[in-house]
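Peer 1: This is what each chain is made of:
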Amino acid sequence: MERVSGLLSWTRSRVLWLSGLFERGTARQPRIMEEKALEVYDLIRTIRDPEKPNTLEELEVVTESSVEVQEVNEEDYLVIIRFTPTVPHCSLATLIGLCLRVKLQRCLPFKHKLEIYISEGTHSTEEDINKQINDKERVAAAMENPNLREIVEQCVLEPD
Amino acid sequence: MKDSLVLLARVPAHPDSRCWFLAWNPAGTLLASCGGDRRVRIWGTEGDSWICKSVLSEGHQRTVRKVAWSPCGNYLASASFDATTCIWKKNQDDFECVTTLEGHENEVKSVAWAPSGNLLATCSRDKSVWVWEVDEEDEYECVSVLNSHTQDVKHVVWHPSQELLASASYDDTVKLYREEEDDWVCYATLEGHESTVWSLAFDPSGQRLASCSDDRTVRIWRQYLPNNEQGVACSGSDPSWKCICTLSGFHSRTIYDVAWCQLTGALATACGDDAIRVFEEDPSSDPQQPTFSLTAHLPQAHSQDVNCVAWNPKEQGLLASCSDDGEVAFWKYQRPEGI
Numbered sequence: 001m002e003r004v005s006g007l008l009s010w011t012r013s014r015v016l017w018l019s020g021l022f023e024r025g026t027a028r029q030p031r032i033m034e035e036k037a038l039e040v041y042d043l044i045r046t047i048r049d050p051e052k053p054n055t056l057e058e059l060e061v062v063t064e065s066s067v068e069v070q071e072v073n074e075e076d077y078l079v080i081i082r083f084t085p086t087v088p089h090c091s092l093a094t095l096i097g098l099c100l101r102v103k104l105q106r107c108l109p110f111k112h113k114l115e116i117y118i119s120e121g122t123h124s125t126e127e128d129i130n131k132q133i134n135d136k137e138r139v140a141a142a143m144e145n146p147n148l149r150e151i152v153e154q155c156v157l158e159p160d
Numbered sequence: 001m002k003d004s005l006v007l008l009a010r011v012p013a014h015p016d017s018r019c020w021f022l023a024w025n026p027a028g029t030l031l032a033s034c035g036g037d038r039r040v041r042i043w044g045t046e047g048d049s050w051i052c053k054s055v056l057s058e059g060h061q062r063t064v065r066k067v068a069w070s071p072c073g074n075y076l077a078s079a080s081f082d083a084t085t086c087i088w089k090k091n092q093d094d095f096e097c098v099t100t101l102e103g104h105e106n107e108v109k110s111v112a113w114a115p116s117g118n119l120l121a122t123c124s125r126d127k128s129v130w131v132w133e134v135d136e137e138d139e140y141e142c143v144s145v146l147n148s149h150t151q152d153v154k155h156v157v158w159h160p161s162q163e164l165l166a167s168a169s170y171d172d173t174v175k176l177y178r179e180e181e182d183d184w185v186c187y188a189t190l191e192g193h194e195s196t197v198w199s200l201a202f203d204p205s206g207q208r209l210a211s212c213s214d215d216r217t218v219r220i221w222r223q224y225l226p227n228n229e230q231g232v233a234c235s236g237s238d239p240s241w242k243c244i245c246t247l248s249g250f251h252s253r254t255i256y257d258v259a260w261c262q263l264t265g266a267l268a269t270a271c272g273d274d275a276i277r278v279f280e281e282d283p284s285s286d287p288q289q290p291t292f293s294l295t296a297h298l299p300q301a302h303s304q305d306v307n308c309v310a311w312n313p314k315e316q317g318l319l320a321s322c323s324d325d326g327e328v329a330f331w332k333y334q335r336p337e338g339i
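Read top to bottom, the protein sequences are chains A and B.
Letter by letter, the first sequence follows residues 1 to 160 in full-length UniProt numbering.
Letter by letter, the second sequence follows residues 1 to 339 in full-length UniProt numbering.
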């Protein structure tokens with residue numbers, strides 16, 4: 001009898017979980033939000049490259065197609081950015097990732113979760129870089145480093 | 001399932017910054033919180049409300065990432081991104097920093113006190129785990145530096161009754177350590193997670209360990225001693241650890257914390273999708289291959305990532321949580337009927 005009730009309770013919780021999924025809309029394909037993506041792009045294209053006196057847009061580090069916004073839930077969005085660093089230099093790529101994150105954290109008006117990746121095939125250690133730039137603890141600690149912080153602040157500064 | 005977790009109170013614990021971690025004192029009367037504002041706050045009840053009883057500032061120059069109470073409840077340790085660990089001594093409502101432990105090369109990510117109260121462990125982005133001994137005169141001495149992990153170490157936790165230490169890392173593994181002939185050694189490595197392991201929790205008996213990860217799963221591991229009944233192979237006299245259960249498909253983003261209630265055995269998780277979940281083991285499941293059911297799921301428990309969940313050690317069903325939104329919330333968990 002115990003086995004049966006155990007199985008029933010397991011089944012019930014799985015059914016509850018599945019119905020919870022449907023309610024949240026994750027069972028269907030999330031809607032792609034193009035207007036929101038443009039809003040994001042508008043904020044990131046003016047970020048300056050850490051090394052060159054150009055914006056990420058000018059250097060084609062980001063383009064409109066770099067940004068994807070999915071509606072996860074009502075008023076809840078997932079923003080995915082794929083950028084192409086100009087040179088396959090590790091620290092520069094992580095620095096750009098940091099700038100992207102900080103700019104959006106501060107300026108994007110709608111509630112969002114953010115994932116940043118290096119476009120596939122553009123870097124030898126892209127998995128390592130992707131892991132670092134998506135680790136919020138590493139990002140937080142990096143921003144407490146005064147030197148790094150200064151560089152990021154210069155890069156995300158809004159043009160006059 | 002939303003009714004299984006009821007909100008009791010919400011406090012803006014670390015305004016304009018994130019709250020990273022929480023720890024109940026052993027008596028269950030106080031909750032310590034720490035955050036990006038470089039402060040530790042101590043919370044207690046006054047009637048029905050939670051109020052801030054002390055603020056520990058001037059201890060750290062950067063984010064305080066974790067806090068831990070000593071088993072006697074008279075000391076609080078705080079681990080910071082400034083690479084130090086402060087030891088605070090409690091004197092009624094006042095806390096005084098009595099020692100600052102230095103040595104890690106960069107951010108300290110976690111600190112934990114052994115059940116005996118004589119040992120402390122810290123871990124850092126410098127990839128090491130340090131074991132410290134404290135004597136009767138409150139003098140701290142580093143007795144071991146363990147360099148087993150290949151990356152940033154995110155969390156350390158002690159076994160509830162034995163002098164056994166576990167660590168979780170950015171290298172996707174969990175490692176276990178014990179003292180062997182006056183030296184601390186890593187005697188087991190738990191592999192299986194596909195990304196950073198953020199946190200760990202032992203079950204009340206200490207026979208099982210739960211780990212949570214960026215790979216969005218919780219894994220339950222069990223210790224098998226040499227010559228065990230189940231025929232699990234062990235090398236020499238070292239216990240073996242096997243993954244006996246994986247909870248996948250429940251969390252939609254990184255799981256930052258897992259907490260195993262020492263009173264009831266319920267498992268709570270803190271997730272980057274802003275939700276809190278509770279799981280309970282099915283009473284009829286095989287102990288060697290347990291199954292867990294989701295008994296509570298609260299989406300939007302906070303307005304941002306949930307970083308920590310902590311069960312009150314004395315009051316059944318009392319759960320505290322904190323978030324990137326800087327808030328601390330208190331919840332009453334009631335196992336739903338019929339499950």
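A hint or two may mislead.
As the list claims (entries may be wrong) - Pair ranges (Cβ atoms, derived):
id : chain 1 : residue 1 : chain 2 : residue 2 : range
1  : B       : Val-55    : A       : Glu-35    : 37 to 45 Å
2  : B       : Thr-264   : A       : Asn-145   : 39 to 47 Å
3  : A       : Glu-58    : B       : Val-232   : 56 to 64 Å
4  : A       : Asn-145   : B       : Gly-231   : 46 to 54 Å
5  : B       : Thr-264   : A       : Glu-158   : 47 to 55 Å
Said to hold, decoys possible - Only part of the chain A face toward chain B is listed, based on derived beta-carbon distances under 8 Å:
id : residue
6  : Lys-113
7  : Asp-135
8  : Ala-140
9  : Glu-144
10 : Pro-146
Rather than coming from a laboratory, the hints here were simulated on the basis of the structure.
For glycine and all other residues, C-beta sits at the position ideal for the given N, C-alpha and C.
Peer 1: For each hint, tell me whether it holds in the structure or not.
Peer 2: Hint check results:
| no. | hint | result |
| --- | --- | --- |
| 1 | B/Val-55 <-> A/Glu-35: 37 to 45 Å | holds, 44 Å |
| 2 | B/Thr-264 <-> A/Asn-145: 39 to 47 Å | holds, 42 Å |
| 3 | A/Glu-58 <-> B/Val-232: 56 to 64 Å | holds, 60 Å |
| 4 | A/Asn-145 <-> B/Gly-231: 46 to 54 Å | holds, 51 Å |
| 5 | B/Thr-264 <-> A/Glu-158: 47 to 55 Å | holds, 52 Å |
| 6 | Lys-113 | holds, 7 Å |
| 7 | Asp-135 | holds, 7 Å |
| 8 | Ala-140 | holds, 6 Å |
| 9 | Glu-144 | holds, 5 Å |
| 10 | Pro-146 | violated, 10 Å |
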